[in-house]
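Student: Chain residues, written in single-letter form:
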Amino acid sequence: MTDFWIIATGALVAISCGILGCFLVLRKMSLIGDAISHSVLPGIVIAFMISGSRDSLAMLLGASVVGLITVFLIQIFQQSGVQADASIGVVFTALFAVGVVLVSLNARQVDLDLDCVLFGEIAYVHWNTIDVLGIDYIPKAVWILGFTVAVIFVVIGLFYKQFKICAFDPAMALACGIPVALFHYLLMGLVSMTTVASFESVGAILVVGMLIVPAATAYLLTERLSVMIVYSVLIGITCAVLGYYSAAWLDASIAGMMVTVAGALFVLAFIFSPSHGMLARLIKQRKLAVLHSQVS
Amino acid sequence: MLLWSWSVLADPNTQWILIGCMLLGLMSGIIGSFAYLRKQSLVGDTLAHAALPGICIAFMLTGVKSLPLFFLGALVAGLLATFSISVITRYSRIKADAAMGIVLSVFFGIGIVLLTQIQHSSYGNQSGLDKFLFGQAASMIQSDVYTMIGVSAVIILACSFLFKEFKLLSFDPGFARGLGFPIGLLEQMLMFFTVIAVVVGIQAVGVVLVAALLITPAVSARYWTDRLGLMVSLSGIFGAISGVIGTLISTTTSNLPTGPLSVLAATTVFVFSVLFAPRRGVCAKVIRRIRTNRTIREEERSRMSERGTRLRKEASL
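Heads up: the sequence lines are chains A and B, in that order. Read in order, the letters of the first sequence are residues 0 to 295 in numbering that gives the first Met the number 0. Read in order, the letters of the second sequence are residues 0 to 316 in numbering that gives the first Met the number 0.
Derived by calculation from the structure, the hints in this document are not laboratory data. You may find that some hints are simply not true.
[Said to hold, decoys possible] Computed list of lysine to any residue pairs in SDA-like fashion (alpha-carbon distance at most 20 Å, straight line):
id : chain 1 : residue 1 : chain 2 : residue 2
1  : B       : Lys-166   : B       : Val-153
2  : B       : Lys-64    : B       : Asp-10
3  : B       : Lys-94    : A       : Cys-175
4  : B       : Lys-94    : A       : Ala-166
[Stated by the list, open to error] Only part of the chain B face toward chain A is listed, based on derived beta-carbon distances under 8 Å:
id : residue
5  : Tyr-90
6  : Phe-160
7  : Thr-266
Glycine included, every Cβ here is placed at the ideal spot set by N, Cα and C.
Modelling step: build the complete structure from the supplied sequences, incorporating the hints.
Tutor: Pasting the structure below:
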């Protein structure tokens, strides 16, 4: 049963990250995901200090708000003339530093382990169960992640067309009368929520890996957004399963192994993808060269 | 107050840490301003995360904790990371930001796997390796500071001798290539310096926050000036000040880590620059807008009154 719950948690992280990651990769905002995943730390700590417990709904809310503040600050600095990546760097490091200082200041009251925040403790999820509707054997992390996945399904399902246009051509979306800024912040809110929901199980830094790597791998395999999302989710789940078993085999960090497997899958797609892989490109070039020499 | 801070400073251990953090801020400020102008601010972040597997492998191969070996490991890993980023962006349709995210997270994932391997196996003297994640300036000792003095001297000398070349490279690499400068070599050199600054910084402020020392002082300095020489010096000074303030606060209060405090000091300098810098700052912009509004209003008023007199003249005719 332990195996099942750990893999289920990993798979739920993979599903929520896989869906959102596609939009981040397409909108060239991968590093904003990185920034959010770091800067939710003060939100988590403050929510913890106010609510006094690891009550996860308060944390979800607090951290999502900080995630949105991060995006807002990054945009303000960008508009005032700071380069995009520099403004991301300034904002997330500052907020992360605030988080670390808050944790150290309240080390006695805050029962938050910094290592746990960074790397997650997916191996222990099944110990932390919660009684919901009389069912007491499902881990808390699974409930929270399940809730997050449901919210993502509802929001993306309802506004799929709008998100699609915003991802590919924001100018056209604006011309069509779609509130681009609203959808931007909606997406960012979902990303913050996912980050917080996953941070306990896979850690702040590896969330970025699950957000970007499967989506980028899927991006190399298809030309259609819907197919890309499906591929990205499937690749993410594969990473969760393979990552768990290889971590058990090597006696290593599960979250670290999940991202390592994701990296390996990315390398495979990068070389062997039928449409965008290096090999396919080489073959195409060779054929073109042969054709060219025949014609001339 | 002065007496009290003097008594803190009289402790030789604190003096070493203070000097170390100051030098660290100085050199990462200098290197960071070139990285900022070359639009590569987050490369420092990627390098810091990518250094982790390098450091772990260096430790696993030798079994000793020594700064030069970690340099070597981190340098190899950093070169591999930048190489992977350029391969991914060149040979596929994945953009630079996603490539950076992929390399950063996958390298870091591998690093964590290796770190857990080290912790689970019988490497014995592994305590302190995890200090690299958040850094521990308090563990800096005399020999570390000597290394840092040497490293920062090399970086400062190289940047002042090659200032013209680096300037050209930052603003117009194509032109520099046209003039026959060895662009590849110079780029590799800046990369090398960045890796060195990052590796030294990891020890003091940790993997996650070392990027801030490269980015934040440079961005703050950019607010104050349009001249590269001034910007580089200002950025170095801002970095050094942040290091000093961070160390002072963390030594005088209990259980506050130096790294995050230095970063927060740098951020304070940044916010101050955003608000009060001449010409680019928020206050300067507001004042300029008010002045412009006033001149426009005055011009309009004078035009109106001119028109009034003209009308009156015509009417009197």
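Student: Next, verify each hint and record whether it holds.
Tutor: Outcome of the hint check:
1. For a cut-off of 20 Å, the pair hint linking B/Lys-166 to B/Val-153 stands: about 18 Å separates their Cα positions.
2. For the suggested pair B/Lys-64 and B/Asp-10, the alpha carbons sit about 26 Å apart, so the restraint of at most 20 Å is broken.
3. At roughly 27 Å between alpha-carbon atoms, B/Lys-94 and A/Cys-175 are farther apart than 20 Å, so this suggested pair is violated.
4. Annotation: proposed proximity of B/Lys-94 to A/Ala-166 holds, straight-line Cα distance about 14 Å (limit 20 Å).
5. For B/Tyr-90, the interface hint holds, the least distance from its beta-carbon to any beta-carbon of chain A being 5 Å, beneath 8 Å.
6. A least Cβ separation of about 27 Å between B/Phe-160 and chain A goes past the 8 Å threshold, and the interface hint is therefore violated.
7. Taking 8 Å as the C-beta cut-off, the interface hint given for B/Thr-266 holds, the closest approach to chain A being about 4 Å.
Hint check: violations occur at hints 2, 3 and 6; the rest are consistent with the structure.
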